[in-house]
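Chain A is fixed; fit chain B with the ligands onto it per the hints.
First to last, the sequence lines map onto chains A and B. So the first sequence is numbered by the numbering used here: it starts at 1 and just counts up by one. So the second sequence is numbered by the numbering used here: it starts at 1001 and just counts up by one.
No wet-lab data here; the hints were simulated from the structure. Glycine is no exception: its CB is placed at the ideal position from the N, C-alpha and C atoms. Heads up, a few of these hints could be off.
To be verified - Which stretches of chain A does chain B cover? Using the computed rule of at least three CB atoms under 8 Å from a CB of chain B, they are:
id : segment
1  : 179–192
2  : 226–238
3  : 265–278
4  : 613–626
5  : 649–660
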Amino acid sequence: MANYAWPSRDEAQVIGKKTSRLDGVAKSTGTAKYTYDVNLKGQLIAKALGCPHAHCRITKIDTSPALRVPGVVHVEVLRDAGSEIEWQGEILAVVAAETEGAAAEGVKAIRVEYEPLDVFVKDYDLEAAERAGRTSSGGGRVQTEREPGPNDDEDKFADAEIERLLKASKYVVEGFYGIDPITHCCLEPHGSTVEFKDGKLLAYLSTQNVSGTDDGFARDLNLTASDVEVRCDYIGGGFGSKFAPDYWGVAAARISQKTGRPVKFMLDRDLELKLAGNRPSAYLKVRVGADENGVIQVWDSHHWGTGGATGGAVSQNVVPYVLVPKNYRRRVTNIKTNAAPARAWRAPNHPQACAISQTVIDDLARVMGKDSYDVFLANLVNATNGKADVYREQMRIAAELMGWKEKYHLHGKGPRNGSIVEGLGMALHTWGGAANNSSCTLRIRPDGSVESWCGTQDLGTGTRTVCAMVLAETFGLSPADVRVNIGSSKYPVSGASGGSTTVGGVSESHRRAAQDALEKLFALVAPKLEAQAEQLEAVGGRIRVKGAPQRSISWKEACALLGDMPLEVTQSYRSGTPSPLSSSQVAGVQMAHVAVDLETGVVRMKKFVAVQDQGLVINPKTCASQIYGGVCMGIAGALFEQRIMDPETGAFVNCELSDYRLPRLGDVGEIIVHLYEPDSERQRGVVGNGEPPVISPIAAISNAICNATGVRVPVAPYTPQRVLEALQRRA
Amino acid sequence: MRRQLELVVNGEARRLELEDQRSLLSVLRDDLGLYGAKYGCGEGHCGACTVLVDGVPRRSCTTQVGTVAGKEITTVEGLEHDGKLHPVQQAFLEEEAFQCGYCTCGMIMGACGLLRRNPRPTAAQIRTFLDGHLCRCGTYQRIVAAVQRASRLLQGAQP
Ligand code: FES
Ligand code: FES
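Extracted from the complex, chain A is given alone in its bound form (with noise of 0.2 Å):
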């Protein structure tokens, strides 16, 4: 085995330069082929029937007059009369057809009758789901650093301490954040494409798991694992939602085990945003005592929220986010709404604790009259993941690509022109983002070509080109000249793509696989050139001595030692192995600039500084890249996404894309990244960033809002009905 490493900044050759994807030409022609592209001869088109109502019993469901509608050929009932209904879009049947038109026309011919049942979508209004027997309680914690007597009781005991710790507080802020719940809206909607044919499943899959999702096909259709090949080559974003083959794609599989036919059934926007994906709600009351510094001594807090009909609330363990003082009490309240469930979204937990607790720093500084960003350098002390050193240093580089300093006024104190003012406001964020599992599987063939193959999947993140660029810097090659095939089920494996893990993974499992391959060839190579393997080295397409570089031979010659047998080599990386290639945790800053017109309520992005830490830099393109994305998405949670539900009946209102907003081409204003990469963080290895940067925007541009206004805006998205509503509240 060889002694896993890489190279140093001065000697990576491939490694740490901006590197185009490798998949570029195919994106950019229309040859990346999607889910959504597969067509198989002879296919089905399926499509659903969702239920129109948000909590309902089917008394009875007739699918007669659908099989009678032509090219109609089959309908699959996955919900049958007595079935309790618990969210608007749940589908009931699904209507596999010669065409799509076929398909529509089957859905509308199926008669349902429903009995409505009690609707609650009030996610944000406590009493009123309390009153509705819709909480239950997440837990909570309480600490503090006085213990109570051995005869205290621990309840009235914090009880007490909270209160006198405020007391003797210099400043005690208090306050209601929130943060409404959003969708996970890939652009291209979840669905497959697939064929059950001579006892075997092929599904294109639109996915984040190649690897996983074989065995939630099998166990369905009563298959082994091994019977079944999930393929993935292009997917039009996850983000946390397409980790399964879902019950749809399931039901896909079942009717073409039953009709004998390919079927592709790829869902609609309307069910896409309704089923496929939600980020839980978070609103929470919070009182917070700090000292005459700003440093916050105690923090007393109850959120609540909903993850649908079955999810949870944000964890209380990330509340407050990062600066955690040494006396606090939170607790949290599931509230179970008629809503579909919630999925992992981009940094579950975390953008919703930032959004609601880091801007409790920035009202304190409001209330000290002081900087925020000193405020916020204060509370580093209470930094629970070690990490105040480098947030330091990161803000004084985000500072500095602001312009924090020139631009900076008290709240509610800068120039007003005409009705605009304008404000900054900034959060940090932390992650954990170790490698997952890989797998990979490298051949080396006596002509030079070099071949990988490992289950994991390219969701845009570069994971395509990081594999190729990790194997062409072990061999002293060129990116281009590797072939990388992902994808596939059938390939080695390698973890879902969820949490940030895949690039420290999958740099693992290439740089593992590729080491030992290249010990094995420098002995055969060594002798050649009079040396010994270890003192042999690649770079530049050739093999050479160390010192000696005239003493060498090209890469070709080199493998075609290796006679009639191609080399093989397959390595693995187990999640959790103490490794020098990759590790965990990273810090981030972001600061905003937005400018706030008082007469509309219209925020507007100015500037956007993002600062994150993430270990080794693979490939500077396609992780800056992660970067602008995570923002924009988060700018779209601060000023725009939002789930619109109405109160009474359950039902989505913005379910497609004309009401459902996102951000546009104009609405994001300029947005700097600057990828923090000192020795001491490059030594670490590689640690994922896909996560991150999307946490901390929607608290940033909160801070920002209050900071020129002077008024907390205090639930998320930011619109201007909403700003205007604060404004006036004040007045």
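Quick look at chain B with the ligands alone, frame taken from chain A:
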């Protein structure tokens, strides 16, 4: 109504028998095997399905195929020339103006339409013209840079 239509797609005339009310998007993809135009919303609100009709960007999902018979339809597959990428494609590549890439072909077609009308657009004009194009991955800043680069490439200037 089902009828014979002549569609001129990427310079090639084809006779097809079709329901003339079907969407151009579905005909391009399901009948002609041209998958560059994507389904994003089916209602004209995301731009993923954009193609050029007589040089003007159109949402193919809301365009009935019967209304574009005989007109010049260009999809992203028709942009390459002599095996070389179109400057707009080249610019998207160089600026890395995509992540998942699902919106990209529509963006590129929108940008082509803009540059035909206005070869030297300002950043503000680019943002306004492409306002109806959504990118969920959030690559907007680089898209604006790519269109500016494409404009320079098309003028033959150094990008
Ligand atoms: S699919 Fe045509 S605009 Fe969205
Ligand atoms: S690159 Fe994914 S939607 Fe634009």
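We went through each hint and held it up to the structure:
| no. | hint | result |
| --- | --- | --- |
| 1 | 179–192 | holds (count 5) |
| 2 | 226–238 | holds (count 4) |
| 3 | 265–278 | holds (count 3) |
| 4 | 613–626 | holds (count 4) |
| 5 | 649–660 | holds (count 3) |
When each numbered hint is compared with the structure, no violation occurs for any of them.
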